Structure formats: C-alpha cells, structure tokens
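Trainee: Given chain V, work out where chain Z should sit, using these hints.
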Amino acid sequence: MNATTSTSLLSAEPVRSSELPARRLVRAYLTEARYETVRMLRAPGFALPFLGMPILLYLLFAVLIAGEAARADQLTAKFFFTGFSVFGVVGPAMFGFGMNVAAERTQGLLQLKRALPMPMAAYLLAKVLMALLFAAIIMASLIAAGLSLGHLTLTTGQIARVATTGILGAVPFCAMGLLIGAWATGRSAPAFVNLVYIPMLHLSGLFYPLPKSLQAMAPAWPTFHLHQLALSAAGVDSWGEDLTHVAVLAGVAVLFTLIALRRLERVG
Amino acid sequence: MNDTCLAELSGVHKRYGSTVALDGLDLEVGRRELMAVLGPNGAGKTTAISLLLGLQQPDAGTARLFGRPPKDLAARRRAGVMMQEASLAPELRVREQVDLVASYYPAPLDVDDVLEKTHIAALAKRPYGKLSGGQKRQVQLAMALVGRPQILFLDEPTVGLDLQARELVWSTLRGLVDQGASIVLTTHYLEEAEALADRVAVLGKGRLIASGSVSDVRALVERQQITCLTSLAAEEVAAWPGVEEASRDQRGLHVTTRQAEDVARRLLAADPGLTRLEVRRAGLAEAFAELTQEKAS
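Chains as they are written, first to last, in this note's numbering: chain V, 988 to 1255; chain Z, 160 to 456.
Here chain V stands alone, though its shape is the one from the complex (with noise of 0.2 Å):
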C-alpha cells in the first residue's frame, strides 16, 4: 500500500450536506429490506419450520382428524381455518423479532447500527416487511389446503379480505416481539417468547372453544381480537365490532412500538 492508494479515500471536496436526499433516504430503507431478505433465504433453518409447520397442523387437525366435522359444518371448516391462520402469522412476528432482535443486540450487531448513521425505522421496516412476507406465504398455503382439502368455501372477496387480515394482523405481534427482544438476552428470548405465545393462542380461543370462565378473559389477549377479524372477514358472525378489534391491535402496535423504541434508542 502506499500513499497514492489512500490518498482518494476521501473526496476530494469534503462533504458538506450531512442530509440525506430523499433518493438516498429511499435506497437505505430498500438495502435494509433487501439484505434482510437475503440473510433470512440463506439460513432457512428460521423460516422452514414457521412456513411450514402451520400447514401441516392445519392438514393434520383440520382435514386428517377432524375433516368429517369441517364438512359436515361450514361453521366448524371456518374457525379450523382462521385460528390455524392466526397461528401461522404469529409466530414468525414474534419469534422473528423477538429472537433476532435479541441477538442483534446481545451480539453487537445493533449497537454498531446505532453508531453507524442507520435510520432506526429503515431496521424495524426491514424486519416488518420480512414478518409480512413469512404472512402472505403462510395465509397463500392455508387459504388453497382450505379450499382444496379443508371443504372450505369463500367468496373472491372473502379470501382477499382473509388474506389482507391475516397478512396485515401480523403487525402487532412484531410489535409484541420487538418489547421481548428489546429486554431479552439473545439466549433468553425464545423462552420469554413462547411464555406469551403459547398461552395466548390457547386462551384466546383460536382451536376450540373456551370453558366458560376463561371466555370473559379471552379479550385481554390480541389473538382473540384478529381471530374474530378473520371469522368476520370470513364471513362468520363474529364477537364485537371488527373496528374495536382494528383499534386495539393497532394500540397494542403503536404502544409496543414505543416502549421498545425508547429502550432501543437509549440503550440498545
């Protein structure tokens, strides 16, 4: 090396705009999302198992054991589908967030994002975009085993609007991931996920109906509010009205989100 090679290192005029023009500001948030993408495609071992496991507990519970019951009752063929749905959009959101935000800032990796001139928003977009992505894959596969195997019937309008609900569900639950992972070690966050995750999908309702005296507690769980979003966007009578269950999981998106943003900007 020598002194010409390091000479062009720097620009030969300095810098003088330390904003970033909005193209620029454009392409950070893409670059974000594209390396996120890609660093989820080359270690499959997080997304195969959360693609996959929902379709088939879905074709084991919903078609193999109890598809009598699914095709005798369209009723019964709809709440099968819709819990199974939320399930599989839950978990990637916050397993993936929880986790990877947990190691990330065990690991150092978000601390040096932090120096570096990282927009925060540009990071959780990335990781929004890929949750929502793991949805549109998890919803596409539940809603053809529905139709196909799960004597299933919707309307185009039906499917579109479980499928937007089933997809766009998954934000709080990032939300719900990204607290865990703001607190949790990278080692201690599964755990600390699956303490929330696992008794919320049972006690809010989502693969057989509550014994009486949980069912007045089930609303305090944000699962029982998208699955009654996607029973009605399925067409079925649901509890309450679909924009309180809108309302209070946009809360719980918008109150999480800050919590954990506050720990995150201060702390890392």
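Check the hints yourself; a few may be wrong.
Not close to chain Z: a few residues of chain V, all C-beta gaps over 10 Å, as computed [said to hold, decoys possible]:
hint, residue
1, 1043
2, 1055
3, 1061
4, 1135
5, 1136
6, 1206
7, 1242
Residues from chain Z shown here face chain V by an in silico Cβ test under 10 Å; the list is partial [stated by the list, open to error]:
hint, residue
8, 215
9, 229
10, 240
11, 244
12, 246
13, 248
14, 286
15, 302
16, 306
Cut-off 20 Å, straight-line C-alpha distance, at most; resulting in silico cross-link-like pairs (DMTMM-like, lysine to aspartate or glutamate) [claimed, not checked]:
hint, chain 1, residue 1, chain 2, residue 2
17, Z, 230, V, 1252
18, Z, 230, V, 1006
19, Z, 364, Z, 182
In short, the hints are calculated from the structure, not lab data. The structure displayed is predicted, hence computed values, not measured ones. All C-beta atoms, glycine included, are put in the ideal place defined by N, C-alpha and C.
Mentor: For chain Z alone, coordinates are given in the frame of chain V:
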C-alpha cells in the same frame, strides 16, 4: 466548542450501577488530528467513544459531535465507526456488508473502490462468517471508511491483525489524516499510538490523567523498578533525588525511579552489603495503573 473541534466531551460523568466509568472527563478532537486514547482495561475508553457516538447518554456533562448531540443522525452521517465487539450478519458477503453501510450515507465512496483500497477485494464474495478474525477487522475498517467520514472512531482497530495487516491499516489511517480526516482510536498498545498519533490521551479510572504528544506520555510511563536486599531504610532512600517512591516488604526494598542507573550506583555505594539487585522496566499496564492510582488519590 469552536469550529476546529469535531468531537467533544465536557465534564462527562457516567456510571453503571455502582461502577464509575467516567468521572468528569473532558476530551476534544480537532480537525486533521489523530488522537489515540490509551489506558488499561476498564479505564473508560470504550465508554468515551460510545458517548461520542450517541450509543449512551452521559449522566452529567455533554457530548457533542460536529456541535450537535451525537444522537442526531445528521451528526453521525459525517462519522465512520469501527467497534470492538460487533458480530455482523454471518450470512452476508463482504461486499454486501460494505454496500449496506454505504446506503446510510449521503455521498459514499464506490463500494468496489473501498474494497480495493482496503486490500480486501479478493474477499468480496466470501460470506462474512467464514472470514478469519483479522479479515473481519479489515472488513470493518472498509465499512468505517465507505461513508467518506470526516471523523473516524476506531475502537481497538488492530486487535487480532498480523504484523503485515496492521502495517496496512496504519498506512491507510495515515493517508486519511493527510487528506484531512480526524481519527480517534483506542488502543492498548503504546507502539500503535507512537506509530500514528499526533496526540495521546491517557485515561485511568474514567479520568483524563495525561494528554500530550507520544513522547510526553512515554516519559510519564517510563519508570523503572529497583528491588534489592539491603539494610537501608525505605524512608531514607525515598528522600534521595530521582526516587519517586520507596517501600519495603519481605522481598526487600522496592524503589521506583526514572533514573535507575544513578539510584543503583548510590544504593551500592551506601550499602556495600547490598545483594540481589534487580532493575526492571515497568510495563505499560503497570505504569498506567500506577499513574491512575496517583492521579485518582
């Protein structure tokens, strides 16, 4: 703060629980300056850099980067960073890592150019996780440079590098300063500071205990320790010219001095029965520890 000062800590205090990390630290980095921050482990070097990068907030005092709070993205867009413990995504390739960082800056360098100039073009397509420790440091240096920063923060940049790689890094850094960049680097090695730095700041227990040119600081830490078995009293020897400290324990008399030859001659003259004379140079870590204790007490 004036316009020649790019980064500044003033009166900064920071504690973690009951541990004091920084205790009223003042530090200024000027334009075109390569400042080495030296000190033993736990002296507060990494904390000082973290505050200048907005990774942490001071409990008291202020941190400024280009006159702004370091949390401002706009301030950090003019800075490049190499951290001590950063495990980057192992799945991403070297070129992709540098490209990602380039996307954060308003007018970055061409990614392939940077790889070429930091001598890692041959690694461009290798997954980061498959690199050796030294290669990873070189990639991190490329990431620190790609945004065309006016100031670079390098936390222990040459740890784990072999001699040749270290020389390459040093010459890159010198070239950058020649071009008008400022660099703050933390290091354990006085020789690294000697090879590069215009100015050295020595931290100990969270305070600035010495600051100046490398030779100033070297003089501060170049002490020698004389040990011997003698009947002379420690108090008597402590009063001799050139003796900084004298104490006695079961191994004999210990004398700290910067004039070992003179003191040894006088010791031998004063006590003909003196035995087991030993003179050794205090190591850097010891010297820092000693400096730190003196200044802090």
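Trainee: So, residue 286 of chain Z near chain V? Judge it on the closest CB pair being under 10 Å.
Mentor: holds (8 Å)
Trainee: Say whether it holds or is violated: residue 1055 of chain V keeps its Cβ farther than 10 Å from all Cβ of chain Z.
Mentor: The claim stands: residue 1055 of chain V keeps its Cβ more than 10 Å from every Cβ of chain Z (closest is about 45 Å).
Trainee: Tell me if residue 244 of chain Z is really an interface residue toward chain V, meaning its C-beta lies closer than 10 Å to one of theirs.
Mentor: With Cβ-Cβ at 5 Å, under 10 Å, it holds.
Trainee: Confirm or reject: residue 1043 of chain V is not an interface residue toward chain Z, with every Cβ-Cβ distance exceeding 10 Å.
Mentor: holds (26 Å)
Trainee: Checking the smallest CB distance to chain Z, is residue 1135 of chain V really beyond 10 Å?
Mentor: Holds, since 35 Å exceeds 10 Å.
Trainee: Residue 302 of chain Z was flagged as interface toward chain V. Is the shortest Cβ-Cβ separation under 10 Å?
Mentor: Hint on residue 302 of chain Z: holds, closest Cβ of chain V at ~8 Å, below 10 Å.
Trainee: Given residue 229 of chain Z was flagged as interface, is its beta-carbon under 10 Å from a beta-carbon of chain V?
Mentor: holds (9 Å)
Trainee: Using 10 Å as the Cβ threshold, decide whether residue 246 of chain Z counts as touching chain V.
Mentor: Status holds, d = 4 Å.
Trainee: Take a quick look at whether residue 230 of chain Z and residue 1252 of chain V sit within 20 Å of each other, Cα to Cα.
Mentor: holds (9 Å)
Trainee: Would the least Cβ to Cβ distance between residue 1242 of chain V and chain Z come out above 10 Å?
Mentor: holds (23 Å)
Trainee: The output says residue 1061 of chain V does not contact chain Z. Does that hold with a beta carbon cutoff of 10 Å?
Mentor: Correct as stated: the minimum Cβ-Cβ distance to chain Z is 44 Å, above 10 Å.
Trainee: Holds or violated: the hint that residue 240 of chain Z contacts chain V, with Cβ atoms closer than 10 Å.
Mentor: With a closest approach of 4 Å, the residue 240 of chain Z hint holds.
Checked against the numbered hints given earlier, this structure breaks none of them.
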